[in-house]
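Use these hints to put chain B onto chain A, whose structure you have.
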Amino acid sequence: MVTDMVALPNPGDVLDGFRIEERLYVGGMAVIYRVSSPTSESPLVMKIPRLGFGEPGTSVIGYETEEMVLRSVSGPHVPRLIARGDIERSPYLVMEYISGRRLSDWLDHGPVAAEEVARLGVALASAVHALHRQDVIHLDLTPGNVLFRPTGEAVLVDFGLARHGHYPDLMAEEFARPAGTAAYISPEQLFGVRCDPRSDVFAIGVILYELATGQLPYGSPRGAKALRRRLYRDPTPPRAIVSTIPEWLQEIILRCLEVDARARYSSAAQVAFDLSHPDQVNIGERGRRLRRDGSWKVFRRWWRAAGYEPAPCPEVSSQLSSAPIVLVAVAVEYTDELLAQAMRDAVRRTFASERDSRVVLATVISPVSIGRERTEEDSPANRRIRGRVQLRHWAQPLRLPPDRVFCHVLESSNPADALLEYARLNHVDQIIIGASYPGLPLFGAPGATADRVVSAAPCSVLVVRPMEKR
Amino acid sequence: MKLALFADIHSNLEALQACLVHARTQGAERFAFLGDLVGYGPDPVAVLELIQSYAAEGAVVVLGNHDAAALGNSTETINHHARAAIEWTRAQLSDRHVAFLSGLPLIVHEENMTFVHASAAAPDKWIYVSDPLRAAYSLEATPASYLLSGHVHEQMLYYTGAGGRPMSFVPTPGVAIPVARHRRWLVIAGSAGQPRDGNPAACYAMLDNAHATLTYHRVPYPHVVTADKIRAAGLPERLALRLEHGD
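Chains as they are written, first to last, in our numbering: chain A, 1 to 470; chain B, 471 to 717.
With the rest of the complex left out, here is chain A (with noise of 0.2 Å):
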């Protein structure tokens, strides 16, 4: 059983081989102390739970919670956990600690830039795909419990409130009330849903918001009645507060802020990925919109809340893997129209089977040209123009949804690598690639590119040649 009063440690004490430096942190669940030990050079910290009389009964399923995680996950987007005390015993979790900024750090001197924003953004949103990827969703995103490393990658941290989707949920009956930060918690999770990933999006969409107005979007509210006015009373534009935030932000910010689960980005990928490309962002009237909606229209949204149905919950990878995105590496000089064929028939398939994907059409140009006059015509600008009008021109039959499909004239004297590095920044599923065949113009020449980009790809890669003629 649990010791009834876990008596907390002084520093100067050595516990298990770690010797308690100074007390970090104080907080409602958990005390963080900065440790040392012999057999590791780089800073840890130890977290211990608070237990006993008037400590929150909730704190050691909160616990026993984050080790499950922590003990689950691995990658530069969590913290490495060290050592883990026997919970009937001590319990405690050593972990390495994480000496780069805080997110919340951003937030003290009022609204940040644009660039910045989309910055952190992409950061951020790119952990929590990496946490989605391992089945886990985090629940519980603030400014607070994200961390960067000196190299820049963001890390979460703060495991308590989060959800495996392979294991048994101990929140769940702890929580048949809502669980997690007054100000970021989604709509579904005030109805006690832990098992939807677009809940962390929620949480992201409240964090830009935040980072580029200054503001929280609901404000911290305390009760459930002022919790549940963000299902029917929409936030002030961003815009409207700042107004040199750009359109595609603000879509991004609402767009991760919708209600419905449904409505919102599939995946965090896909966050970081309208992030990372503006341009390529669909401004629809959430991004132009100046105003919050009228109370007519607010009316009868309470109306409808009075109803409200959470979006039935996907399996944390599988909702990851109908949210594909899909590179499709379209090589415009060297293509014939049997390949062409043979690829856009591919990519019609994937589409077709999966709901939520994202088709990224890109083609790889050499910066320079070489043994060709410098001409107007020949500008690197119009270069990409053209290369853009020609991955459109390619996927016209294939008459997909303009809000799913994008263009990317990437720009190097190696193709593959460049294909390999933006799936990578780009958290790309699946690569679709062009094999080289016999009777092809220019033979050898996109194949070699296939080659390197199976050999080295992050993903899946669907090599891609026409039906031989027989």
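It is worth saying that the hints were derived from the structure and are not from the lab.
No false leads were slipped in.
Residues from chain B shown here face chain A by an in silico Cβ test under 10 Å; the list is partial:
1. L627
2. H652
3. R653
FRET-style restraints, in silico, Cβ to Cβ:
4. R349/A - A702/B: 40 to 46 Å
5. S353/A - A702/B: 38 to 44 Å
6. S36/A - R635/B: 39 to 45 Å
7. Q215/A - Y598/B: 53 to 59 Å
8. D86/A - H551/B: 48 to 54 Å
9. V454/A - S523/B: 48 to 54 Å
Bear in mind the structure is a predicted one, so any value in this text is a computation, not a measurement.
Note that beta-carbon positions come from the ideal geometry of N, C-alpha and C, so glycine has one too.
Positioned in the frame of chain A, the structure of chain B alone reads:
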């Protein structure tokens, strides 16, 4: 110590062998057979002899309702196909097999584990632990951290949080679930010999007591061979189809 848990084997030799091979490659060092060793399937003798050999080396074996029925005890809890199979089974068994079945306990307590075919609340009543309330009754009957059982053919994990009210969890095969010893867990291993969730692959579970993890597994086996044996033995066609469709 990794402990492999097999329930509801139902005279399915091919499924049991496939599960045993799988468990050994996964590092199983101990074995438990959670009742319903016979019934439905075509190989009661071979299955019993295999399990007897494991029992001789220290495996835990408990009695199930089909085993009790094969001994001539009440058959009221089983349907008419099952009853036909039980009568056929009874005719296959020698005195030695009957003696082995007769000697099986209904429930076994060992360290922090309890082994039982159905509900620990009334092991001889063959109650289906198919919801959190029945799981609660079964858990109340033992102080063990791990209550290991079968009877219900679908894999399931019931667990208790701080509030003490059991909740159900459908496990994902192959995922090692942390199952802390200070909590209570009711493990339904799933049927090795007659899966009913639409997937014909055999079910079993593996408890790693040292690391406090539990992994549910699904193991494919040549179920068509077993189904053909059922037909050849003249057992009801429905029992053969069940293995082919996993329903």
